[in-house]
Every structure is written in C-alpha cells, then in structure tokens.
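As a plain string of letters, each chain reads:
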Amino acid sequence: MNRREGGPRPRLLPSIPGAGWILRRLRSQATFVAFILPATIFLIVLVIYPVVATLTLGFVGADGQFTGLDNFATVIGSKQTVNADCLQTGPPCGTLINNLIWIGLHLPLTMFMGLFLAMLLQRVRGAAIVKSMIFLGMVTPLIVIGTVLKFILEAPIGLVPAFFGSIGIKGLAVNWLTSNPSTLLFGLIMGTVWSWTGFSMIVYSAGLTTIPKDYFEAARVDGASEWQVFRKITWPLLKPVTLVIVTMTVLWELKLFDIVIGATNQQGGLGGAADVLALQMYRFFYVQDYNHAAVVATLLTIFTFVVSISLFRELLNLPRHKRRLLRARAKPAEVGTDSPQATIAPTGDSP
Amino acid sequence: MSSGGADYVPSKTSGRLIAIIVALLIVTNVITAVGVYYAAAPKAAVVPVQVIGPWAGDAIKNPSSEWGKFKPVLDKFTNDTGIPYVYTPTRQEDLSPTLPIAFQAGQSPADLIFMPSATIKQWAAKNWVTDLTGTIGPSSYQAGALDPLTASGHIWGGAYTGKVKPGFWYNTTFFQANSWSAPTTWQGFFSLLGSIKNSTGNPPLMAGDGVGWPLSDVVEHFIETYGGASMHKALANRSLSWTDPSVKSIFQNYLVPTLTNGFWTAPTTWDNPGVTLWWDGTNPLYFMGSWITGMVPNPSALGVFPLPGGVANQGIVFAADYFFVPKFGAHQDLAKRLAQYLASEPAQELQVKQGGHVATAANVPTTAYPTVDRNVANLLSGKTVLSDLDDTIGNPFQGVFWSQLQSLWANPGTWQTVLTNIQTAAANQP
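If you read the sequences in order, they're chains A and B.
Here the first sequence stands for residues 776 to 1126, where the numbers follow our numbering.
Here the second sequence stands for residues 852 to 1281, where the numbers follow our numbering.
From the structure, some residues in chain B lie toward chain A, with a derived Cβ separation under 8 Å:
no., residue
1, D1060
2, A1117
3, Q1257
Straight-line distance between alpha carbons at most 27 Å, and here's what the computed DSS-like set of lysine-lysine pairs gives:
no., chain 1, residue 1, chain 2, residue 2
4, A, K854, B, K1099
5, A, K945, B, K1048
6, B, K1204, B, K1187
7, A, K925, A, K945
8, B, K1204, B, K1234
9, B, K977, B, K1178
Don't read these hints as lab results, they were simulated from the structure.
Glycine is no exception: its CB is placed at the ideal position from the N, C-alpha and C atoms.
In isolation and in its complexed conformation, chain B is listed as follows (with noise of 0.2 Å):
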C-alpha cells in the first residue's frame, strides 16, 4: 500500500494482468480474422477492369451526355465477357501531367486509358505503354487509322469512334429566310461573308475559345483546303516550316483577309455563348467539329459547307479518339480484352449509332448512324482522311500554337511574327 503523497506505482501483479488480456485479445482476434477470412470471402473475386476516359456526364439523369453515351460500350462488354469495369472521367489535360509520374513509380492509375495519339507515341517511347500489336490490327479498321499510334512497326494503342471536322456549319432556316446559300467559290465565299455582315451588323464568322483548340481548327481547314493533304501532313510532321512562302500565301491570301475585314467574332467560349450566338443568327457561320449536331435543338435543319475553290487533293481532319493500356496497370490480360473489344465493329457500332460520332473501325454499316452524323460520314468521301495537326504533334507545341492563334484574332496585322513564332516551337518540339 502506498503510503499518503507517494506517487502511485502500480503493483506487478495488475502489470502482468494487462499483459495477458491483452496478449490474449490479439491471439483471439487473429484467430477470429484467419477463420472469418477462410470461411466468407469469396474464392476467386471478379476482378473490374479499370478505365479513364474523356466523357463525363451523369449518365442516368441524362443518357445523351458524352458517358451517357459510351456507358452502353462498356455494359456490352461486362454483358459478353462477365468482366465488370470502373469507369473514372478525367480530362486528359489533368492527365498528361500526372501520369508520368505515376509511370515513373511503377504505378498507374487504370488499366486502359484514353489519350491523344502523341502523347501515347511519346510515352510508348519511354517504355510505359504496352505493345498492342497482335491484340489489334489495321485489318480490323479503315485504311490508316491507325497510324498516329504506329512506330516502328509497332502498335501502340488503338483507335475509337472520332469526329470530322468538316467546314462551316449554319443554320439551314435561317439561311433560307435571308436567301443565302452555301458558297462555291471562294470568291463567293467572300461576298457571302460581306452580305451576312451588312445584312446583321455582326460578323458573320463565330470563332470559338476554348483552350485555343477551336481557332487551330479553323487553320487547319484553311491548310488543308488551299495547301491540300500533303501540306497539312508535311506541317504535322514538321518536315515544312510555318514561315514556307507556300504556307505564307494561305495565310496571307485567304484567312487574313477574313481577319481584316473584321468576318470573325472575338473568340468566344466555343460552347456558350458560342453556340447559342451562333444558332440564333447573331454570328450565323461557325466551324465546328461534327460533335455540333447533339448541341443543337433541331439537328436536322443543320447545314455545314467546306472552304470552297481548293486545291485538288484536299483533306478533312478526323478526330479520333485513342486509347492506350499503361505497362504498369494491374490487369493487363483483362485490359488487352477491352481494347480488342473497343477496337472492334460491334462496340463502335453501338457507340456510332447513339450520334455524334464516326467509326474508325472497318465494316460498320452506314444505316448505324443517325441521318447528320451518315452526312458527315459522307464527307469523309473523296478526301485525305488527316490526323488533328496539333494533336499530332503534341505539347509544348500545342499550347504556343493555341495561343499564338488567339494573338492572330487579335491583331491579324502581326501574321508574320506569328508564323514565325509557331514555327520557333515547332522547330523547338523535343
């Protein structure tokens, strides 16, 4: 007993008391852990394979949004395989810079992921990506799409639906009631811009901002037109300069002109107001991608002409969307399944037919698509089917090219030294 003042010391007795429940509790909740784990949990757990994409939405409340869209894809492939999947919507924006360093630990966050064509031919080049070829083929799709993902000889990723993005697109009642119509000649292009512009008071070109994206868009329309397939790919692979008096000319001829005489709006944010401006009438003519047609209310009364008066092997840009599986995803076999799958006619089908987007894959029937997006597939005909120019080349690139074109808008005076200085970066791209 301790006497009164002393500090309590606790007798041995109790000490060693403690000691034992608590040694016996581990040894009985371990016990109790081994038996319950070998008693209910499952013996071969079904494995979801993990996916990032691009689409978001809420694709119950609205199955017309981009996941509402591509969910019934991957149901589909759960329904035919048993293989359950996550699906986890990120921007390849936020992606491009954390994914390397998660490659680089060894690590990554899904089994099949979504990126642009350069960025997984340069990730495939640091080792992270794994080889397709084998699991997927150019037999299986339309000539040449896969191509942004091959390098020497072998195949990177694979390709989904896209979009085209195929001139300017207006509003066919609108245009009817003021007796325009889509112009031939670029000469008639011309005096069509100047009639929209006196007839409304605005100008009659809506140039879209987003990031930039929508302005090189444009640019690459005017190149693919005036310069033809080959220009765009000889800049795509950057064996011709920006500042090529052939290249000059294009600009300095056709798309400055349309700059000066004040035909383009400022950029504007593409979706809205952008789009809203420009189905009213305010701004009537936009150049968009074909993913236009599930953002307007009436697709149907929707018409969309190319530049007019170009040269004779002219191109159209196909957008497609590119997946990739990561070396260091936990599920490769199941991965490798999904892609084949992704890659195939039956899913790209399935995806074709809810709208706003084109196969890249081979026999997928024309009666797949809604009537817009079969005119659009209908585009494609007779033209050099090309990759997105700044997709291809990819960042830094991208970026000086986006804002370099915003300064355009801006000041078209400055056109050489904006040449120039996309040229710099195109020089400078690693």
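Chain A with its partners taken away, still in its complex shape (with noise of 0.2 Å):
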C-alpha cells in the first residue's frame, strides 16, 4: 500500500539483532552460567537438599507417613526436653531448659568478664602475652576442654573438689560429676565461661580502640568520674561490639555438645542433668530415629534463626536514630514540591 495514500503506516520493527549479537549473547551468558553453575550445585547438594530433607523429616513417621506434628509433639512434650519437675525437685530440668540456663549464666559471665579483661588489659604492659594465654581457651577443641573438666572436677583427683576440700567447704569437695546433679551443671558452665571468656575479651579489646580517645580526654576535663566515662561513653559506643558478642555467644550456647560429651556421657551425666538440645539430637541419630532428630535440628534452626535475624537487622540497616533523622529530613522536602530531587534523602550526618 502506498504510504501517499493514507493508508496504515506500516508498524515499526524491532531492529531484528544479528547472528553476531546472538553469539555473543550467548557467549556472555555461557560465562555468566560457568561462573555461577558450580556454586549453585553445591549449595543445591550441600545446603538446600539437606535442609528441605531435614524438614521434611521431622513431619514424617519412621514409614515416611505424613504425621502432622506429632514429632515435635513428641519432642517437646516429653521430659527429656522440658522437665517441669524441676521447679520442685532440682535437676534435670530437660534439654531446653538446660540450654536456657546456659544461657542465662554463661552469656553475663563471659560478657561482663571479656569486658572487664578487655579494659584491664587496654593499657598494661605485656597485655597480649595475657591476652594469648586466655584466648587460648577458646582455641582449643572443645572435646579436649570436657575431657580436661573432667579431670578438674572429679575427686579425689580433681583441683575443684581438692581446693574446696582445702578451704574446709566439704559439701564441695565432692565428685562433681557425679555426686549431685546441680554440681555438674554449674561446674560445665564454669568450665565453658572460661573457654570463651576469650572470645568476649579479644572482641572488646577490637572495640575499645575504635573511640576515639578524645571523648575520655573531654570528658575528664570536664570533671567526669571514671563510673562515669564508662557508662555514659564507653558502654554506649561498645554496644555494636556487645550486640556481636551477645548473638555469637547465644548462638554458640545453643549447639553446646563436645564439651558435655566429653566431660559426661551421651546421656549428659547423672539423670541427663547436664543434658542439652544437640546431643538430644545426636540420642536420636544414635538410634537411627532420624525423624525425631530431624525435629531437635529444625527447633535449633529456629532458635539460631531468631537470634541471628536480629544482628543481622542491626548490622544491615543504620541505627534507628539515623533512620529518623532521615526521615525528618526527607519530609519537609516533599511538602509543596513535585521536584524529583526534593524526595532523595540527604546522606550527610549534618544537621
């Protein structure tokens, strides 16, 4: 038709690219592929497939039946991992409430013990020959560590009951592995506070030479008491290095084994009294109850995952006061105005 005439214009192409383009279009993606094709079969193999089985496992009986959740019915209601008992009658008090504990006792000591380290050792001379040596807790393997508190706490030949035995404290100076089901709890709490007691310190020791020193000089001029720079500068400047130490250290409460099953049994000692989730998992394995096992794994995912989500929302985003100041900034800029630029958020820290 003749375009003169008024016809239909004929509809625009697209430019039909080359035989040249496509090659190369391929050749760019073959690359991109290659580059990213081994990772992704790894990760499918070693993460996704174990984790997707793993779940699965735990809502299936031993027949592969779809059971609903009745293992972790099972799981968690069953005395192994809660014992209500023990509000009455002492330990064992189960598996979570084992790791609960834990937690409640290791997480202050070794934290408010790495800090105290961390800031006595700050400027003291031959600090790092200190440092190494109780940092070498935390190095060592953690089954060694339960093997060695085994040795310390067992009498007659253990230090604990012998230096009890020495200061008259006799109702101490026992087997603490075996004679008192509390006395074993406390005395592996113990023995892990000083094998990551390092850990804490050595963070701390990071994060105190990263204020500047002109906030403790300002401050002392200005009359401020020692108490007082700690807490009004340097606990509030170390609460990034805190938050690490408290998710690290949680987490690491959390998949507690070598050292119980070193120092005790599978059973965790007397009564299960030193009992923690994974090696009630590594129980299940041992008897091929993969299905209950897999429903200890996924609760400990669980547990790991809420408390890694929060340090990972605090390391990723600012802080929430740098939020608010932007947001404060960004509106006034948008009142009145349709100009694109009066909505980008300024990036400076000035006011």
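Reconstruct the complex from the two isolated chains, following the hints.
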C-alpha cells in the first residue's frame, strides 16, 4: 500500500539482532552460567537439599507417612526436653531448659568478664601475652576442654574438689560430675565460661580501640568520674560490639555439644542433668530415629534463626536514630514540591 | 605477523601442533599403562579379610594390650588359611550411629564386625546381616551361648570369648592384714561394710563410672542374686516391670540401704583412679568384670566373692563379645571362614591362654586358662549364665538405664522415681 494514499503506516519493527549479537549474548550468558553453576550445584546439594530433607523428616514417621506435628509434640512434650518437675525437685530440667540456664549464666559471665579483662589489659605492658593465654581456651577443641573438665571436677584427683577441701568446704569437696546434678551443670557452665571469655575479651579489646581518645579526654577535663566515663561513653559506644558478642555467644550456647559429651556421656551425665538440645539430637541420631533428630535440628535452627536475625537486622540496617533523622529531613522537602530532587534523602550526618 | 599493539593470536599451525602432541601423549600413555598392567600385575591378588573389633593397643610394644592378645588369634587364621587380614580397632559406641548409614547405602567398612548382640539382632531385622546358620552352630558352643544371636531359628552372628561379672573383688593381702573375710550372709556383708567404713573412714565400695556401665553391672548382680536368674531374664525380655513389687523390694531392702548408709563412693572413673583407689585399700571392694585380673600388679592376690544369701536359682552375667558378617561386605566367603574360625575351640583356646577372657566355645580345656581366670571360670558352675541385661535390650534403653542409675547413686532417696523412669524407657524401647 502506498503511504501517500493515507493507508495505515507499517508497524515499526524492532531491530532484529544479527547472528553476531546472538552469539555474543549466548557467549556472555555461558560465561555467567559457567561461573554460577558450580556454586549453585554445591549450594543445592550441600545446603538446600539437606535443609529441605531435614524439615521434611520432622513431619513424617519412620515409615515415611505424613504425621503432621506429632513428632514435634513428642519431642517438646517429653521430659527430656522440658522437665517441669525440676522447679520442685531440681535438675535434671530437660535439654531446652538446660540450654536456657546455660545462656542465663554463661552469657552475662563471659560478656562482663571479657569486658572487664579487655579494659583492665588496655594499657598494661605485656597485655598481648596475657590476652593470648586467656584466648587459648577459645582455640582449644571443645572435646578436649570437656575431657580436661572431667579431670578438674572429679574427686579425688580434680583441682576443684581439692580446692574446696583445702578451704574446708566439704559440701563442695565432692565429685562434681557424679555427686550432685547441680554441681555437674554448674561445673560445666563454669568450664565453658573459662573457654569462651577469651572471645568476648578479644572482641571488646578491638571495640575499645575504635573509640576516639578525645571523648575520654574531654569527659575527664569536664570532671567526669571513671564510672561516668564508662557509663556515658565506653558502654554506649561498645553497643555494636556487645550485640555481636551476645549473638555469637547465644548461638554457641545453643549448639553446645562437645564439652557436655566429653565431660559426661551421651545422656548428659547423671539423670541427664547437663543434657542439651544438640546432645538430644545426637542421641536420636544414634539410634537411627532420624525423624525426632530432625525435629530437634529444626528447633535448633529456629532458635538460631531468631537470634541471628536480630544481629543481621542491626548490622545491615542503619541505626534507628539515623533512620529517624533521615525521615525527618526528607518530609519538609516533599511538601509542596513535585521536584523529584526534593524526595532524595540527604546522606550527610550534619543537621 | 601481528602488528604492534594488537592482541597476540597464536597461528593455526601451532594450535594443530599442540593438539597432535597432546593426542600422541595420551595414546602412548594408554599403551604403556595397558602394557605395564598385563606384564607386571599379579594374576590373582590375595585379598585380605577386613575386621573391625573393639580391642585397641600397641601389639608390638605392649603385647599384653587388648589388641596384643587378639592379634595372635588372627595371625593363626592367616597361617592356617593363607588369608591375610586387616584389623581396625573402633569403639562400638562410634560404630552404632555410622554403620547403619553405610548399610543403607549398600556398603560396609569391613567383612566381619564385633558389635553387641542386641544391635546385631536389630540390624538382622533390617536385612543388613548375613545369616550364619550352617556356618556356625550351637554344637560347637557351650549351652546357650548363641541364644542372644538367634531369632526365628536363624543364627545372625557368632559369640567370641567373654568376661564374667562374678562379684566384689578385693586385695586378699589387705583383707588378711585387717582380719576381714568374705561374707556368707547379707547381714555379714552389711556388717563387713560397716567395719571397713569405721576402720578406713572411707566408703568401702568403689563405684566405677565409665559411660554408666559399671553401675548397671552392680544392679544386675543384686537382681540376679536376690531375684534370681528368672527375674533377670524377665527384665531383659521386658516381661516384668521395673516397678513390680518384687523388683522394688530388691532395691528397697538391699541396694538402697547400702547407698543411704554411705557405703558407696560417688561414681569415679572406673580404671583410673577407680582401680588404683580400690587396690591400695582406700575403697577396698570393687564390683567388676573378670577383665580386672589383667589390671592389677599382683593378680594372685585377687579375691572375689558374690553377694551372699541370695535365692536358690541365682544367675551370673557372662558378657561375651559378638561378631557378625554384614551383607554388604566385599568378601562374604572369607568373612564366613573367619567367623567359623573365631567360633572354634582352637581360636578361643589361644585367646583365653593369654588371660582375661573366658571361652564360649565348647571343649576349651580348663588347663588353657591362667590360674586366676580358671577360678573365674569355675564361678560359673552351679549358676545360670545370663547375658548382660542392658546389652541385650540395647539403646536407647541402655543410655537411660545408665544415666538413671547415676542419678540413683547421687540421690538414693529418689529410687522409686528412678525405677519408674527405667520402666518408661523399657516400655518405649522399639
């Protein structure tokens, strides 16, 4: 049809790429695929499939039939996991409660001891040597620490009962591993405090070096006491470091296994007094009860996820006060203007 | 020739040349490999039989180690048959979780493996174990030795030598010096414990602690003595409840009083310091298996007595070491020959000669035993031979049983709760 006659204009065809363009495109895609494929395969085989398989196992019986939440009810309802009687009769309290007791005692002790040591050794000659010695507990394999604890806590050869015997406290000059469920749990928690304090000390030491000295000098010039300096400057500025320490420590406490099995046995010692979730999972696995083992693994993953997500949220996002500030700055710019530039949030820190 | 600044592009000629050289290298290598294989490879290699057992130690530096005593038995097999062996010591606790995974994958790390009887039977039910019926049989064994491995008329494994758990061991020299003697009545036993405690100021009974097993042996001894062999068997096959009044009475009247009177130490690592403290007289009575004969400097000074004043039909626990042939082993025929040999009188005679073991095979002469082991073997006479109770039931019951008994030793007042918890574990055992 002739265009001059006012007929419909022919549709503008997109430019068809030539063979060279297609080849180039394919080649670039091939490079992309070649790079991403090995990692993807590894991820699928070693991470995604096991995670999905573990989750699935928790919802089926030994015969492979879907059982809903039965396995979860069995594990969580078991006295091995939560023993409510322990409120009246004392330990064993169950794996979940024991993990919580561990967190409740171990976390504040290691955190504050680490902070105390980091501050104490801040300006001491030869501090590096002392720090290295304290950090040794952190690099020693946990199974070794468990075995060492066994020797330290067992009467009559152990240091701890011998020490209490020498100062006349006969009630504690006993075999801490087998005489009393409470001494067993408390003894192991103290042992893990020794091994983990090195971690918080090192991280706090690193955190302390990032605080500008000017702040301290200015505060002292203004007549602030050491306690005020700590409370108003050191502690607030160490908050990000504290968050990392708390998260890492709680994760470590949740997956606690080696020390307990090294110092006691598969059951977590007498009556299961020092039993923990990871050990419970191992026991299910030991008798090929993979479904209940998967339930404990899933519970551990959920707890770990809850703890880690708070860390990642804080680490990946801007601090809350900064976000508020940015929103406050952005609002006046949005009022009465259509300019796209006005909605661009300022990035500077200055008011 | 490329101009300056342009990328270097190898000429097509050199590319072809490289390809030819690589192809030539591959061809010549393949020809050489095939030639070397057919010229040098042995026509029929001698295949070793792979064995996994619990006995470890340095057989050369320390021939009295557990492996040092088992090695001559395997060496004799090789000498007699020409079949070499490869032995790997591995703890049964470590094998329990890993072997099922290998078996599910249709593989086995060895051709013949030592495991507890309950585990072998559990795995036989899953079709992972080779049926040894016809390869070995009850006729070559002492009566009842293969019972723990027999199910539905099939024999799923073999019994090797074992150890007896006869009673309380003591150092006769120490006893004579204090004018103490083995008791013959329960009252006599109880007053002996009181005398020792008053004299030494320490608990007279050493309680061993391993992963929990020494305490379970003690409890079994109380049951087989005051409840008889029938009660022990009924608890092992779970036809009797742990909360039954007859079982409770044994705890209430015999075991618990020894605990509440402070006659037992807190469970202490059984070999060291346990054995040391027992032998030096700090805690001079120790319930242990016959393996203790190899752990003291002067075995001739060893004395042993069972709990006195029991019922008529008493039992005695004989803990044998059991082996089986996995279905997925690479050399089934060799494994069966080795199984046949280990079940035989010559193999077991060689083992018991070295001390610390008691034969399960028939016709092993008593003269083959060292004196101390001969006395132990004689303790079997007149008593019903029983299998270890918790080994027979297996895990997860076994672990709970051990841990509950540790709890009992810590808090004897909770004995009824302990029995309830043990019964729950027994009832829940698959």
